[in-house]
Amino acid sequence: MSQTRLKTRFDQLKAEGRSALVTFITAGDPDLATSKKLLMGMPGAGADVIELGMPFSDPMADGPAIQLGSQRALAAGMNLKNVLAMVREFRQADNDTPIVLMGYFNPIYSYGVDGFLKDAAQAGVDGFIIVDLPPEEEREFAIPAQKAGLDFIYLCTPTADDARLQLIADRASGFIYYVSITGVTGTASAVTSDVDAAVKRIRQHSDLPVAIGFGINTPDQAKTMAGLSDAAVVGSAIVKRIADNLDENGKAKAGLSEAVLSYVQELADGVRAAKA
Amino acid sequence: MNTPNTFMAGPDEDGRFGIFGGRFVAETLMPLILDVEKHFNEVKDDPEFQAQVQGYLKQYVGRPSPLYFAERFTEHCGGAKVYFKREDLNHTGAHKINSCIGQILLAKRMGKKRIIAETGAGQHGVATATVCALFGLDCTVFMGATDIERQQPNVFRMKLLGAEVRPVTAGSGTLKDAMNEALRDWVANVHDTYYLIGTVAGPHPYPVMVREFQKIIGEEAREQIMEQEGRLPDMLVACVGGGSNAMGLFYPFLDDTDVRIIGVEAAGHGVDTDEHAASLTGGRPGVLHGNRTYLLQDDDGQIIEAHSISAGLDYPGIGPEHSFLFDAGRVEYHSIKDDEAVAAFQLCTKLEGIIPALESSHALAEAEKLAKQMSKDEILVVNMSGRGDKDVNTIAKAMGTVL
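Respectively, the protein sequence lines represent chains P and C. For the first sequence, the numbering used here gives the first residue as 1, with consecutive numbering after it. For the second sequence, the numbering used here gives the first residue as 277, with consecutive numbering after it.
Read the hints as simulated data drawn from the structure, not as lab findings. Keep in mind that this is a model prediction, so the values were computed, not measured. All clues given are correct.
SDA-like, lysine to any residue: derived pairs with alpha carbons at most 20 Å apart:
id	chain 1	residue 1	chain 2	residue 2
1	P	Lys240	C	Ala446
2	C	Lys652	C	Arg348
3	P	Lys7	P	Gly124
4	P	Lys81	C	Asp575
5	P	Lys81	C	Ile580
6	P	Lys200	P	Ala163
7	C	Lys389	C	Glu440
8	C	Lys314	P	Asp161
9	C	Lys384	C	Gln330
10	C	Lys314	P	Pro135
11	C	Lys389	P	Thr159
12	P	Lys251	P	Ala33
13	C	Lys491	C	Pro287
14	C	Lys314	P	Ala163
15	C	Lys314	P	Leu167
16	P	Lys223	P	Glu16
17	C	Lys384	C	Asn465
18	P	Lys253	P	Ala33
19	C	Lys314	P	Arg164
20	C	Lys314	P	Asp162
21	C	Lys384	C	Gly438
22	P	Lys81	C	Asp574
23	P	Lys36	P	Ala93
24	P	Lys81	C	Asp576
25	C	Lys314	P	Thr159
26	P	Lys81	C	Gln578
27	C	Lys314	P	Glu136
28	C	Lys389	P	Thr182
29	P	Lys118	C	Asp576
My request is simple: use the sequences and hints to build the entire structure.
In structure tokens form, the structure reads like this:
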């Protein structure tokens, strides 16, 4: 396996004896300039891996917080080309923090898979989480992405039996993303004992790092989940902080990015305390 | 492109009709979707299950629905003989019940306790609430807030039937948004919930399953026209939103290449405006709601809101099999504007004493145009997919009448 940014980062954290904090924001939420500031500030606030949402008009696996974030980004003029431009700019300042693009397939399909993979690789993207591409549709994008040297991160859910876990483990690269609730993003909290058992099951099938997400809503939960796995993913809770710092016209209030980044710092402190 | 031996072979084992269809869903749903497919494959050739479905269709739905020679409509057009396939006479007033009977029996067999559905015009919601009442299952219907506004009679009907109607305010509050919300609910309740999709769209196996439960429309029409005319029709016409009434009528005739087949999309204010719902005429292939199909979308692949006066056609996509038949050239797809549909609604009501659904009125408007160009010894069958009682408020508004 080649030494990708994701692998380097997870190896390094393993050596440090701690788990990763993976933070999610939607590119362009609430506007392009603020979003760029948030992205640039993430590593400094303690994000080890960044998930950058590619906004989509119909985010079927997302709860209200991320739906609204996606709408704000689209209204602000975000599109896939601009998402890649943001990553390119980030890479000029930071060549180490992995960036995983997360979203739905249609904008990529519309862009053209081959052209998108080429442009994404050049921009410095490390991998993808595409919610509506299960292993059954791997030929569409996952296989071409992995051939292009980029990671395709599969989601794994409480509904998977052992055969399905194996199917996913055989295909996954980068890390395995365990969806800790049956539900859309940000709508429920994960149950610790269930997650613990699930992570142990996944580890029987794969040596890849396991990240936990969809059900982490507080720094305390981030700490708990980081203790059970290799990474805690926090999305909706961060996006809610963005929403909390908008004025009545939906524009960013002064201090939005500081407020959001200081929350990321709290999450990072939680995660860093987990295996200390 | 070579002409295939048959147009009836799809989908393949991956749920594809050519490049269309597939299973583009969240991982959480995949095991359940595979389970639905497994159960559907078990029942589709099971005589006992089929007999059960047939029993309900006959005694509860009232099938077969008549194939009615619309003499005055024919006279008005002055061309082809026009027959109406009377799906409006089914229990609950539309073709939607056909697939609901099949799917609810499947859901029961899978041991599911709760049914969810999306609805646009409310016809599928009513049909779903009806079968849930019949079988004593819990029912939640997702409906766009805009649609709730324009389809009040159906909303109240669903509530009377014991269903919870959950308004969806996201997006433009129409069918697409209702489907998003139903999918979100399903992800959260996979263990006990069955998603009863109302049209030939969504992830495999829904497009094929709904077609199989709807193809009785075409099978009956075929038998009835042979009985009444001694030959097959020259033309079939049906409206297309997601496209289930059309697939139901068309499918048994797909390999009869002498039968010209026309699907009618909703042109809203015109396909040259940005307010229409004609995804084949005005869209391009993309991926939404579990399948690849023609979609209304912008340059970035963001889905564009559809517009039609008819809530049942107000959807920016179409069933994947229609996309396949469109690309293959087997079915032609035309479009009818809001005002043309309203005119056909009034015409049919006055000439035939049949109040057609606004959806079906699109098919009638196109049938009127086409019949006029045909000779008197030709035969045209139009699918009267539903009745229009639910639409009288919308029509009154379009006519400038205050009720």
